[in-house]
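Peer 1: Line by line, the protein sequences are chains X and D.
Residue numbers in the first sequence follow the working numbering, run continuously in steps of one, and reach 404 at the last position.
Residue numbers in the second sequence follow the working numbering, run continuously in steps of one, and reach 404 at the last position.
Careful: at least some of the hints might be erroneous.
Because identical chains cannot be distinguished in the list, a pair is counted as satisfied if it fits within a single copy or across any two copies.
Computed cross-link-like contacts, DMTMM-like style, restricted to lysine to aspartate or glutamate with a CA-CA straight-line distance of at most 20 Å [stated by the list, open to error]:
(1) LYS395 with ASP164
(2) LYS384 with GLU276
(3) LYS110 with GLU10
(4) LYS303 with GLU84
(5) LYS315 with GLU377
(6) LYS105 with ASP52
(7) LYS85 with GLU95
(8) LYS374 with ASP80
(9) LYS264 with ASP295
It is worth saying that the hints were derived from the structure and are not from the lab.
Protein chains: 2
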Amino acid sequence: MSEKTALHGVKVLDFTHVLAGPTCTMILADLGADVVKLEPLHGDDSRVFPPFKKEESAYFMSINRNKRSIAIDLKSEKGMAICKRLVEWADVIVENFKTTTMKKLGLDYDSVSKIKKNLIYAAVSGFGHTGPYSEKPAYDVVAQAMSGMMSITGGPDGRPVRVGSSIGDIMAGNHAAEAVLAALYYREKTGEGQFIDCAMLDGLIYTLENAIVRHTVGGELPRPLGTAHPSIAPFQAFKASDRYLIIAAGTNLLFSKLCACLGRNDLAESEEFKTNHLRVQNREKLADELQIELEKKTCAEWCEILEKQHIPHGPIYAINEMIEDEHVKIRKMIVETKHPEVGTVRMAGTPYKMSKTPGSVRTPAPKLGEHTCEILKSELNLSDIEIKKLLEEKVVR
Amino acid sequence: MSEKTALHGVKVLDFTHVLAGPTCTMILADLGADVVKLEPLHGDDSRVFPPFKKEESAYFMSINRNKRSIAIDLKSEKGMAICKRLVEWADVIVENFKTTTMKKLGLDYDSVSKIKKNLIYAAVSGFGHTGPYSEKPAYDVVAQAMSGMMSITGGPDGRPVRVGSSIGDIMAGNHAAEAVLAALYYREKTGEGQFIDCAMLDGLIYTLENAIVRHTVGGELPRPLGTAHPSIAPFQAFKASDRYLIIAAGTNLLFSKLCACLGRNDLAESEEFKTNHLRVQNREKLADELQIELEKKTCAEWCEILEKQHIPHGPIYAINEMIEDEHVKIRKMIVETKHPEVGTVRMAGTPYKMSKTPGSVRTPAPKLGEHTCEILKSELNLSDIEIKKLLEEKVVR
Chain X
8 MSEKTALHGV KVLDFTHVLA GPTCTMILAD LGADVVKLEP LHGDDSRVFP PFKKEESAYF
68 MSINRNKRSI AIDLKSEKGM AICKRLVEWA DVIVENFKTT TMKKLGLDYD SVSKIKKNLI
128 YAAVSGFGHT GPYSEKPAYD VVAQAMSGMM SITGGPDGRP VRVGSSIGDI MAGNHAAEAV
188 LAALYYREKT GEGQFIDCAM LDGLIYTLEN AIVRHTVGGE LPRPLGTAHP SIAPFQAFKA
248 SDRYLIIAAG TNLLFSKLCA CLGRNDLAES EEFKTNHLRV QNREKLADEL QIELEKKTCA
308 EWCEILEKQH IPHGPIYAIN EMIEDEHVKI RKMIVETKHP EVGTVRMAGT PYKMSKTPGS
368 VRTPAPKLGE HTCEILKSEL NLSDIEIKKL LEEKVVR
Chain D
8 MSEKTALHGV KVLDFTHVLA GPTCTMILAD LGADVVKLEP LHGDDSRVFP PFKKEESAYF
68 MSINRNKRSI AIDLKSEKGM AICKRLVEWA DVIVENFKTT TMKKLGLDYD SVSKIKKNLI
128 YAAVSGFGHT GPYSEKPAYD VVAQAMSGMM SITGGPDGRP VRVGSSIGDI MAGNHAAEAV
188 LAALYYREKT GEGQFIDCAM LDGLIYTLEN AIVRHTVGGE LPRPLGTAHP SIAPFQAFKA
248 SDRYLIIAAG TNLLFSKLCA CLGRNDLAES EEFKTNHLRV QNREKLADEL QIELEKKTCA
308 EWCEILEKQH IPHGPIYAIN EMIEDEHVKI RKMIVETKHP EVGTVRMAGT PYKMSKTPGS
368 VRTPAPKLGE HTCEILKSEL NLSDIEIKKL LEEKVVR
C-alpha cells in the first residue's frame, strides 16, 4: 500500500453483512481506512450468494474488497472479550443488524461508548432506530416501495418496477459513510465521537429529488414515465433500426439541431414544439414524430451524426458492453482483483478520483477468517499459544 | 444556527448548477458547511425549472436549502476579482460545468490552487476529466443508459426504463461529497488540499453491485426483472385485490410462514420450491401460484397478516402516501422551509441522523443574490460605497 490514502490510519470495526452496511465500509476502505470485518464463525450471510468462483461468492467479493476478516463466536465469553478489545482498538464501528440485535449483544452505542470514548458508531437499518417501524424487518425492495421511488420508476403500463440494483441499501451505505466522514472531521476538531442512525427509507426519500416538490408545490402526483423526464423534452430513449438509444436535447438550440439532423426542420418550427414547455406538454406526439425518423438508421449511425452536432446522446449499454467501453477502462471503473486461490475477479472500481489520495482497490475480499491470526497478533498482541488455543476452542476461526 | 454541526466553519465556494453539483453542496450544507453559491447574474439554470411558488422554482429550492447566494458577472474584470477573493476565502470549491469551462475562466484547479494553498476542489461531470468522453456533454439519462443501469431496470417487455429520479446526478453528488469529506479529514492531518474528479458514469457503475460480477464471474447477461431480485425469491411485487404490495420472503423460514398465511402449505412442501435456489429457478411459476392467493384480499388486509408473522412486506406508496406516513413524519424526512416571501415549501429532510451533530435544514434556498451584500461586507470587508458601486455597474446583483 505505497499509495497515499485519505483515511490512512482510521480503524473501522465492521459488524456488517450483506449489502447496506458493507457498502458503507467499502467506501471507507476504498478511501484507505483499515476495515476489520468481524464475522460470525459461519461468515457473512452473503458468502453463500451466487455467483461463485472456486466456492467463493463473487457477490461477497465485489463489496468486501480492501477489508480484512476476523471470524469470532460472539456467543462465547472469550469471543466477546476479544470483540471488546477490538472495540477499544477501533475509531469507527459500523453495523447493519436489526435495530435490537446489538443491544442484545451488549454492543449498542451506549454500552460500547463506555469502553471507548470518542467512538464513532454508525447503525444502518431499513427504517432507522426511531419511529413506529424501527423494529420492522426491511429489505431494499420494501424500502424502494415505501419511499415512493417505485411509484415513479417504470413504464406506462403501471406494472411496478424496481431500480435494477439495490439502491436502498446503496444509498443508506453512502449516507452512513458521509456521516462517518463528517463525524471523523468533527472528532478531529472537538475530540468527540457520536452515534449515527442511517436508514434505507430515509436515504431513498432524500434521493427522490423533484418528485417531492412536484407534489407538495406543484400539486401533481408523479408517475413513471418510462425513460422520459418530467420537465424536459425530448429527453428519452428512441428506437433506432437495430436498438435503443438515448437523446437528450432539451434546449431550443439542441432541439433545432436535432431536427436538422433528422431532416425535420418543420418540427423545430412547429407551434406545438417551439419551447421546452410546449414540448413537454406534447411529449408523446413529439416522440412519435422523432421515432419515425430515428427508425431509419442504426444506433451507431445516429451516434456518429449526433456526436458531430454535440447533441447529448448515448446507446443503452448492456453490462458486457459497458465493461468493454474504452472510456470505462481508462477511468478504471472496472478493476481486477487477484486472489492467490480464487484468481482474477473483475468488479467495479472506485469513483474517488482524488489527485493526492485516490480511492483504490488494493486487496481482494478476504476469505472467512483470513486475517484472524494476524489481527489477534498485531492489533491485540496475543501470543501464538493463546491464538492456537482460541482456534482449538472454536472461539475464533 | 444554535445546533452543533459537523462541518461548522468549513467554507464552500459553490459554482454548481442544476443537480449533480448542487447535490454535493446540499450534502455539505446539510452537514453544516457555510456554502456560498456563486451564480451568474441570471442565476442557476434550474431557477426556471417547474414547479413554481410565487415565481420561485421549487425544484431549485429543494436542492439549495441551507446555502447563501451571491450573484456575480464573471465576464467583468471586477467580478472576476471578487470571485478570486472568494477563492482565497474558501476551504472547498465545487463545480459541475463542462470539463473545459473552468479552465477557460482561469478558475481550474491548477490556477486557483496557486491563489489558495490547501484548497480542496471537486469537479463533478458526466464522464469525468480524463478519457475519450471527457469533453462530451452528458445528462443523467445518458449516464443511466451507458452505465448499464438502464439495461437492468424495467419490465419483461424490454422497453427501456430510467430510474425515476436522476440517480446519475445524485450518485455523482454523493461521491463528490464523500471525496470532499475524506479530503477535509486528510487536510486536517497533513495540511494538503487536492483535486477531486467525480463522474456520473463512474458513480452509476459503482452502484450496479452484483450485476457486474453476475456477468464477469457468472457469465450471465443481467436483464430487467420488473420488481424481482436476481437471486432471491419470493422477493417482488404482487397484486392484492386493490393494489400492489411487496413481499420479501427469501429464506426458507419466511417462505414457509408466507405459505401458511396464504393457506398454501403445499407450496412450502413442494419439491419445486423447497430452497431459495429452486424458488429462483422456478420464480415465475411460484409467483403465479402466490398471485392467485394474494388477489383474494386487499393490500391493507395482507399487510396486517404479514405484519403479525414478521414477514418483510410493504405497500407501494405513491409520493403523497409516503409524505403522509407517520414513520416518515417522525423521522423528519419531509420538512418545511419557511421563506418570508415564498412561504412554506415541503421538501426532503436530511438522512444524517447524528447524535451530536445532526444534519439539518436550517434555512430555505436563497433568492438570486439574496446574500450578495452580506457576503461582500462580512466575508470580503467591502464598504457600503464599494458595494453600491458594484451593484450600479451590474458587476454583482
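Peer 1: Against this structure, judge whether each hint is valid.
Peer 2: Comparing the hints with the structure gives:
1. LYS395 with ASP164: Neither. Shortest intra-copy (62 Å) and inter-copy (58 Å) distances fail the 20 Å Cα cut-off.
2. LYS384 with GLU276: Neither: 76 Å inside a chain and 48 Å across chains, both beyond 20 Å.
3. LYS110 with GLU10: neither (39 Å within a copy, 28 Å between copies)
4. LYS303 with GLU84: neither (72 Å within a copy, 50 Å between copies)
5. LYS315 with GLU377: For LYS315 and GLU377, neither the intra-copy (53 Å) nor the inter-copy (40 Å) Cα distance is at most 20 Å.
6. LYS105 with ASP52: within (14 Å within a copy, 43 Å between copies)
7. LYS85 with GLU95: Within one copy only: 16 Å inside, 55 Å across.
8. LYS374 with ASP80: The answer is within: 16 Å in one copy meets 20 Å, while 57 Å across copies does not.
9. LYS264 with ASP295: within (18 Å within a copy, 49 Å between copies)
Checked against the numbered hints listed earlier, the structure breaks hints 1, 2, 3, 4 and 5; every other hint is satisfied.
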